[in-house]
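Chains as they are written, first to last, in our numbering: chain A, -5 to 242; chain B, 8 to 267.
In short, the hints are calculated from the structure, not lab data.
None of the hints are false.
Have a look at the derived ranges for each label pair, beta carbon to beta carbon:
{"id": "1", "chain 1": "A", "residue 1": "V64", "chain 2": "B", "residue 2": "F28", "range": "27 to 37 Å"}
{"id": "2", "chain 1": "B", "residue 1": "G29", "chain 2": "A", "residue 2": "L91", "range": "44 to 54 Å"}
{"id": "3", "chain 1": "B", "residue 1": "Y158", "chain 2": "A", "residue 2": "G48", "range": "29 to 39 Å"}
These numbers come from a predicted model, not from an experiment.
Glycine included, each C-beta is placed from N, C-alpha and C at the ideal position.
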Amino acid sequence: MEEFLKQFFDVGFMVDHFDEVLDGFWITIQLSVISGVLALIWGLILATLRQLPGKALMPVRFFTIAYIDVFRGVPLLLLILIIAGGIPALEFLPESLRLPEWFGKPDNFWFGVLAITITYGAYMAEVYRSGIESVPGGQMEAARSLGMSHGQAMRSVILPQAVRKVIAPLLNDFIALTKDTTLVSVIALNEVVLVGSDIQSETFNSSALTLGALLFLALTLPLARLVDKLISREQSRFTRGAPRVEAL
Amino acid sequence: MAGAADGGGSMLSLRGVCKRFGELEVLRGVDLEVKKGEVVCVLGPSGSGKSTLLRCVNLLEPPEEGDIHLEERSICRGPGSGTGEQSWELDFVRQRVGIVFQQFNLFPHKSALENVTLAQEKVLGRSGTEARSKGSELLERVGLGDKLNEYPERLSGGQQQRVAIARALAMDPHVLLFDEVTSALDPELVKEVLDVMRELAEEGMTMIVVTHELGFAREVADRVVFMDGGVIVEEGPPAEVLENPREERTKQFLGLVLDR
Chain A
-5 MEEFLKQFFD VGFMVDHFDE VLDGFWITIQ LSVISGVLAL IWGLILATLR QLPGKALMPV
55 RFFTIAYIDV FRGVPLLLLI LIIAGGIPAL EFLPESLRLP EWFGKPDNFW FGVLAITITY
115 GAYMAEVYRS GIESVPGGQM EAARSLGMSH GQAMRSVILP QAVRKVIAPL LNDFIALTKD
175 TTLVSVIALN EVVLVGSDIQ SETFNSSALT LGALLFLALT LPLARLVDKL ISREQSRFTR
235 GAPRVEAL
Chain B
8 MAGAADGGGS MLSLRGVCKR FGELEVLRGV DLEVKKGEVV CVLGPSGSGK STLLRCVNLL
68 EPPEEGDIHL EERSICRGPG SGTGEQSWEL DFVRQRVGIV FQQFNLFPHK SALENVTLAQ
128 EKVLGRSGTE ARSKGSELLE RVGLGDKLNE YPERLSGGQQ QRVAIARALA MDPHVLLFDE
188 VTSALDPELV KEVLDVMREL AEEGMTMIVV THELGFAREV ADRVVFMDGG VIVEEGPPAE
248 VLENPREERT KQFLGLVLDR
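From just these sequences and the hints, can you work out the full model?
Following this line, the structure appears as structure tokens:
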């Protein structure tokens, strides 16, 4: 038992390596927030493109659907390796794109951001879509009958309602994204997993990784509770509206 | 009310309008003339094509065959017609034709006033102040001057429907379509909506009203149209069609409705 505790929960060891692990976790947070925000925006753009009306825009819808299908179906780890190994080899790209070191962050950080945004943008596009499709068709008809264009109706009528309905599932995706940022350790980004794993191989003690897990829980548990709260708020909104029979 | 339409030019003219949904023929050649200032009530059993007729007129469901003239201009023949895409006629129609739906379709994330101002600002380019003053004036007029900042979920069905009427009026339509606007309401809320519509009719608004309210049709309509099976079976002044129908199908239907 003592050996077990020493291997995984050595408090002294955790204190000794706390700063290193925290530095790694700080990278994890930066990676999560930047990719998370970009994926939220990119997903919304994809979902909107997917809903464009008319025959002329069929190709746009087709390519959007193809994109979403492909990147939901490809493992993120594989995409990270393709991007990090592939882009620097593309000689025709300017160096600032081949080896991006923007805002003082190393290129592997930005390759991670790119891969996560591509993948999670596709996931989140589907979440937005479910929200858009849950808005009753009469809303679009009412907006169009008042003379609004499809774009105006989307922006002022459909999306505000759709996004409100999917905040909880989007936040769930964000939690998953946060955990998936650890995959970027595979291209030598010193985030919390790589830091912990290096310490583990030097010291044969896993407590630094356990510490990383605890830091993750400190982040994800409050978010999970927030999701629960949002869902129950949405449900109580619904039941408050429901007894109004004449409105149905 | 009869006589209000005397001397008005043509507002709407439908010629051989056909509409199919897949195999189902919903409209099978409808001809209808509506003069400026006229109130036309459309009656008929469910599935007779009444609602579809309205949705053809404002191009929510563009007809496959036939032609519709709005203020003597063809609205079914321009580029992009029938596809639901933006075209000159879509703008032309939506600027002139307002519609009020059975299910109100208010924007639930907007207050009553915002429901009425949104399209004024986005479509007509009115300033916020202008739109709000017009909006509160209209909500006042439909008896909701004290509900400007309420959200739809806190309004009764009748109140919601009156907001929807104000929202349509805010766009200064030349003709208003009413699609069974009292069918989703509790009986005690029907009157407040019909009263608003009656006032509009008295002020000379051109209206096409799909309804099951025979009393309203008798009292307010200049003309009553009876539809069945996707065609107009009979039309004429309310006294004739409602009291003394010529066609067997009209008699049957009115018998059914009155027996209820």
